[in-house]
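Visitor: Residues per chain are reported as follows:
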Amino acid sequence: MEKYTYDAIVIGSGISGGFAAKELTEKGLKTIMLERGRNVEHIKDYVNANKAPWEFPHRGGKTQQMIADYPVLSRDYTLNETNLDFWVNEKDSPYAEVKPFDWFRGYQVGGRSLMWGRQSYRWSDYDFEANAKDGIAVDWPIRYKDLAPWYSHAEKFAGISGNRDGLPQLPDGDFMPPMEMNCVEKDVAARIKKHYKDRHMVIGRTANITKPHNNRVNCQYRNKCWLGCPFGAYFSTQSATLPAAVATGNLTLRPFSIVTKILYDKDTKRAKGVEVLDAETNKTYEYFAKIIFLNASALNSAWVLMNSATDVWPEGLGSSSGELGHNVMDHHFRAGAHGDVEGFEDQYVYGRRANGIYVPRFRNLFGDKRDYIRGFGYQGSAGRQGWSRDIAEMSIGAELKEAMTEPGIWTMGLTGFGETLPYHDNRIFLDKTKKDKWGLPVLAMDATIRDNEQKMRVDMMQDAKEMLEVAGLKNVTTYNNGYNMGGGIHEMGTARMGRDPKTSVLNAHNQVWDAPNVYVTDGAAMTSAACQNPSLTYMALTARAVDHAVSELKKQNV
Amino acid sequence: MMNRRDALARVALLMGGAVIGGDYFLTGCSPASSDKEKTQAGAKTGPTLDAKQIAYLDEVSDTIIPTTHTPGAKAAKVGSFMAVMVRDCYKPQDQEIFTKGLTQLEDASQKMNGKGFLACDAAQRKALLTALDTEQKNYGKTKTPEQPNHYFRMIKELTLLGYFTSEIGATQALRYLPVPGKYEGSVPYKKGDRAWATT
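Note that the protein sequences, when read in sequence, are chains A and B. Converting from the first sequence to the working numbering requires adding 1 to each position, the first position being numbered 1. Converting from the second sequence to the working numbering requires adding 402 to each position, the first position being numbered 1.
Please keep in mind that the hints were generated in silico from the structure rather than gathered at the bench. Wrong hints could be hidden among the right ones.
[Said to hold, decoys possible] The calculated DSBU-like cross-link candidates involving lysine-lysine, where the alpha carbons are at most 35 Å apart (straight line), are:
no., chain 1, residue 1, chain 2, residue 2
1, A, LYS198, B, LYS584
2, A, LYS475, B, LYS592
3, B, LYS476, A, LYS475
4, A, LYS194, B, LYS593
5, B, LYS545, B, LYS584
6, B, LYS592, A, LYS52
7, A, LYS475, B, LYS593
8, B, LYS584, A, LYS157
9, B, LYS545, A, LYS466
10, A, LYS187, B, LYS545
11, B, LYS593, A, LYS456
12, A, LYS45, B, LYS543
13, B, LYS545, A, LYS194
14, B, LYS517, A, LYS195
15, B, LYS584, B, LYS543
16, B, LYS513, A, LYS466
17, A, LYS52, B, LYS593
18, A, LYS555, A, LYS198
19, B, LYS517, A, LYS466
20, A, LYS212, B, LYS584
21, B, LYS545, A, LYS456
22, A, LYS52, B, LYS476
[Unchecked claim] Output of the computed footprint for chain B on chain A, the stretches with three or more beta carbons under 8 Å from beta carbons of chain B:
no., segment
23, 55 to 68
24, 90 to 102
25, 174 to 187
26, 425 to 439
Backbone N, C-alpha and C define an ideal beta-carbon position, used for all residues, glycine too.
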């Protein structure tokens, strides 16, 4: 076996892995970032980013061959011909579903930072205190004040555009100038503000820069983010953290590197390195380092731990609490309402805003009490209908054509994103009977939403309907399009942080209790899910954990 | 191309019943089938329409979206587009309905106008397709998801999708901006101004 030694190893190159690599290298550590998939070079490999709609043979849709090749991805909008190369090859990397589980993965340098939704929200103490107050699961070992400076740090680097709205449940951050609501959204927001004391509609806070930043060009309002942005206008590993890490001269990036296990040293009770399977050559390598950041995405980080140190702990490194792989969370969604707007026929928009509006959580806050705990936020937007609208009275011919070349009425929709509770019984585990292309055991998913979430979904529909009606919309209809765990693409909780090694996998600084020089700072670390999009919190946790790791390293504590 | 909210809104509209043209295809050609069916369907290669059929579809689509002050569906090569979509995106049963539909359309033309579609003049073509559109709309009113799709609905949907996402449709009938450079949430609009091709 060939051997290589670094100061730090980062496993995974997505949002949190890229951030870890940037922070570690900027603090002077020689770091190797291991990525299981291929390299994707900024701009050069965004092969479809500058194509017009007519340059796609199926105009962006999905073929029967694609549906056959990507049965999981085809369950939602995610399967499309414009960025197919950014999604995992499902035949090479299968998984097992004890219960239906939508796992939408991106195995390449940059991971899902290339396709993410970019909505970036701080959590508040309503979220960090929630488990303790409700007496469920375990308490977060940190509070908002612990993370606030790191949120600032992450926001300033990533470039988050947003408005300072002064809401306690959605703390303001260090924002770039906000994007603009359109005329209908402004009207709806004003009516909601007038009618409700504790409900607000604000412009989305998004990781798209609205002014030039760190050699990145500001958003050009093409709304083609998930093809990769040639302007580098949205935060991704490629646009932001990778160039920063490379600039230090301390980074080595190794694509096609599947980390099969973390190597644990029983004598020092520390990890000493990792074993890597080269995805192209099938050769095995060992890499050694003083500290390891595990950022393989929530479920795969749990997989790496489960596959490690099994001679000491049969269920894997970090399994001594019995919580590794448990408490799977996501945000349940696909329920809300939409309706028609009257008026504003003399107004339209210019440009394609890669952002929408946001309604922060209002349920079970400020004295409100429901028959479920926690709450949900809404994402949505208003727009004028295009050529695909149905005009019942139109048949065919010039009249139809002329009608369709003009915009239709304004409509608006709201989609709830609801908090999922951390249930011990929602778990993932290694299915050793099923192997991937490389002969490695795959994950089996056994998780579902339960009574609390189902009750919440009723409100997600009804509250949206009520608010849109209050705002004057007509023909408001609710929808509940069903939801499988994972579909929110916000997987969390499989190696949770906590205050006690008996009930959690990680401590307050994201160190694995059983191996303190291993830090897990992706979605796996989450103790509860809140209802805000989680990636900004991963960035903040990562930067905070790197600061801790480097300081511990200097003190020779890790 | 689309962000998450757009995609979700699209699905919401789809489920809300306003299914037509692009929405139908951009959210999948087979919304109701199981994974197993999809796999079986996907393993097969669909029929390829020949040049004659494509030319025929060009004419049919050009009656649905004719040349006005901007070029119509034939100029936008919608016949070829339909052939690609039927071959690659349709499930076998829909491919069969579509292919048979060309014969049915021809029969309907004989019945109404006493001659084949290509031999009809513009007014006869329009009268025929208007009647077929009424037929498919009436069929759609009581159709359950399990019942077969109507061939003329397929032709109409593919025509609208193919035309408005073509270069001619997007840049001449509609307005297309590759790089807007800015966003303004309220700009004046007057009746007759063209819609944006993409959102």
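Visitor: Work down the list of hints and note, for each, if the structure agrees.
Guide: Evaluated hints:
1. A:LYS198 x B:LYS584: holds (33 Å)
2. A:LYS475 x B:LYS592: holds (23 Å)
3. B:LYS476 x A:LYS475: violated (38 Å)
4. A:LYS194 x B:LYS593: holds (32 Å)
5. B:LYS545 x B:LYS584: violated (45 Å)
6. B:LYS592 x A:LYS52: Distance of about 30 Å is within 35 Å: holds.
7. A:LYS475 x B:LYS593: With a Cα-Cα distance of about 22 Å, the restraint between LYS475 (chain A) and LYS593 (chain B) holds, given a limit of 35 Å.
8. B:LYS584 x A:LYS157: Distance ~22 Å between LYS584 (chain B) and LYS157 (chain A) Cα, so the pair holds.
9. B:LYS545 x A:LYS466: Holds - the C-alpha atoms of LYS466 (chain A) and LYS545 (chain B) are around 28 Å apart, at most 35 Å.
10. A:LYS187 x B:LYS545: violated (40 Å)
11. B:LYS593 x A:LYS456: violated (45 Å)
12. A:LYS45 x B:LYS543: violated (49 Å)
13. B:LYS545 x A:LYS194: violated (43 Å)
14. B:LYS517 x A:LYS195: With Cα atoms ~65 Å apart, LYS517 (chain B) and LYS195 (chain A) exceed 35 Å; violated.
15. B:LYS584 x B:LYS543: Roughly 43 Å separates the two Cα atoms, so the pair is violated.
16. B:LYS513 x A:LYS466: violated (49 Å)
17. A:LYS52 x B:LYS593: holds (30 Å)
18. A:LYS555 x A:LYS198: violated (51 Å)
19. B:LYS517 x A:LYS466: violated (53 Å)
20. A:LYS212 x B:LYS584: holds (11 Å)
21. B:LYS545 x A:LYS456: Holds, at roughly 33 Å.
22. A:LYS52 x B:LYS476: This hinted pair holds, its Cα atoms lying about 23 Å apart.
23. 55 to 68: holds (count 12)
24. 90 to 102: Result for this restraint: violated, n = 0.
25. 174 to 187: n = 7 at 8 Å, threshold three: holds.
26. 425 to 439: violated (count 0)
Comparing the model with each numbered hint stated earlier shows that hints 3, 5, 10, 11, 12, 13, 14, 15, 16, 18, 19, 24 and 26 do not hold.
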